[in-house]
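Q: As they're listed, the protein sequences go chains A and B. Here this note's numbering is used: the first residue of the first sequence is 1, the next is one more, and so on. Here this note's numbering is used: the first residue of the second sequence is 1001, the next is one more, and so on.
Just so you know, these hints were derived from the structure itself, not from any lab. C-beta: ideal position from N, C-alpha, C; glycine also. Don't take each hint at face value.
What the hints assert, rightly or not - Have a look at the derived ranges for each label pair, beta carbon to beta carbon: (1) A:G420 with B:E1037: 22 to 32 Å; (2) B:F1030 with A:D92: 35 to 45 Å; (3) B:E1037 with A:Q54: 36 to 46 Å; (4) A:M6 with B:Q1076: 43 to 53 Å; (5) A:E84 with B:Q1076: 35 to 45 Å; (6) B:E1032 with A:P171: 41 to 51 Å.
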Amino acid sequence: MTAREMETVVLAGNPNVGKTTLFNALTGKTGKVANVAGATVDLKTGETFTPHGQKLRIVDLPGCLSLNGEAPDQQLARRALLGELEELGKPDLALCVLDASNLERNLMLALEVIEAGLPVIVVLNMIDVAEASGIRLDPVVLSEELGVPIVPVQANKQHGIVELKQAIRHPLPPASGAPWASAEHPVEARQQLALELCELAARRPDSHQSTLSDKLDAQLIHPVLGWVYLIAIMFAVFWSIFSFAAIPMGWVEAGQGWLEGLVAGAMPEGDFRDLIISGIIGGVGSVVVFLPQILILFFFIGLLESSGYMARAAFMMDGLMSKVGLSGKAFLPLLSSYACAIPGIMATRSIDSAKERLTTIFVAPWMSCTARLPVYFLLIPMLLGGSEGGLTQALVLLAIYVFGTLSAFVVARVLRGRLGEDAQPRHFTLELPPYRAPQWGYVFRHLADRGWSFLRKAGTVIMGISIVLWALSTYPKSDSDDPAEMLQHSLMGRISSTVEPVVRPLGFDGRTGTAVLTSFAAREVFNASMFQLFRVEEIEEDETASRDRLRQRLAEETWEDGTAMFRPLTVISLLIFYIYALQCLPTSAVTARESGSWKWAAGQFVFMTGVAALGSLLVYQVGSLLGF
Amino acid sequence: MAHVSAAELETDSLQTLAQATVGCDFRIRFLEGPACEQLRRLGFCETLRVRKLSHGRNLICTVCGTRMALSRELAQQVKGTPLTAA
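Hey, can you work out the whole structure from these sequences and the hints?
A: Rendered as structure tokens:
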């Protein structure tokens, strides 16, 4: 049975009502993220079976407060419900998921969905939270008043899922009428009806009850203490990345060394063995070793989101972000961009203002992502002398992060000023969900998705580049046994000679310039290129020692006049280049998709790379004039 | 002796949500301003009771059991009467 032949059930509802939890409960682990062409948000699709064995396609729509909003996610939800998305066709049934503890607000959207003329089943999720709040729910009365089936569930515990599957079996419920839709002011009419329905079927206790969330918020969003907690939490996250990751990074290095030893023992010497060991295992390994750090950052972001703290952080940051023309809603996308700009850019969909969203997308790649870490780890010790580690190097790394972030804020301020105000003034609103114990399933699923995405990139783009780099630095072969002459004779050597006049004013020789060029597809490739171009063999099972060996080799390199090639000024010039340059093709592709324009992505690439080159040039030339 | 109607008294005690004191329960009387529809979508409407939890550039209040942060400009468009002081 094809996807088109299957009946389609869409999940609609306000943000944060547990739609995705219900989606996962219905579909098991078959849910996948599908990018809809031309859309700016993701739809999740999966499959489920009714108790009679009928297969159904389940589509999780973006959460939205109304179907008439202008935000991209709201437009997508509306188009999907009205059958305007070619990929989905007209849905056969809408499951309208409501937070049972908040029906006054959630019913507004349910009424809009009923107005769309689709068969609707209302799912009252989080009934446990409603009961804990003292709300007296009466689903039978609500069903009679709305004219649609109502199924109470607690999706995170899988309670009520069987009853829900019973409800979506054939014959599907008929579409209900919507007499309130013909009122002169439909928004007010819906609101009035929602309140009347709640009076009948969801009576709330009169007095405001102080909850655990109230007590936590008194501390966590306190005007003074709140900042102490925010800074402490962010510091703990970044400290964990650099301290806890060392152990699993050692495992990756050991695995790489074991694999190299295995290949070396099993294959005869020759070009093919060299390709496998130096080109593929060495090239891919020098990138995969950073997987633990990336996973740790994503773990903490998932934890903060799932617990409800991230919304508080956005609330706290709103005042600060407003100074650069952004709002607190830009905080999460920018924070996510420290891990990877791609999910950061995609997270901008929650920003209501189109101009603020474009600005956030534009500056997100200047939040130093984890792909830059291999380059920083190679270069920072060269700046300070000694091997990797230590407080001074950690402070330099922190300064690099701060430098990139401040630069992004300056550009955001200028760009926001140039884009002008929105046609309709946007006001900051943010729902602060109750604190909840983290949903570990969600956190680890998110982690697995990101880890797999990184490994896929390492196994495709980075492996491809590593093979090309190896071939370029190996062929054509020369008769000499001297590695330097062999490289000089290879295609890579010839490219380096051509590139050198262009990159020399920035302080780089042809080989470094070539390594920079090769890292334009993925910046992590820089280290692998440097190992190949400077003919440094990596040490099995020890990436840190390998980088030490490369640094030692670079320290010995001299220009024709005998002066050191990698002076501190050269290293700073390289660091400046890597802080600013946009060297990530997938980021450009996501920018184009999310902004709806390749011009925006091209402008971002040209601007960032231009700033990187200009910054390096200025630093090197001015520094040289001053005698550094 | 001049008589004052109950409606006039209520009009006198009207204040915006931005002006209400922290910890105060607040009965919404009407929404007035360009962002009324946005407020309605968030759940604010006439006769609803909200509690203001914090003050500042963005204030926090509970509406229909949900904690909501909203800008001062939006809060100024919510008119009502205070019910109790904390």
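Q: In ascending order, which of the hints set out earlier in this document are inconsistent with the structure?
A: none
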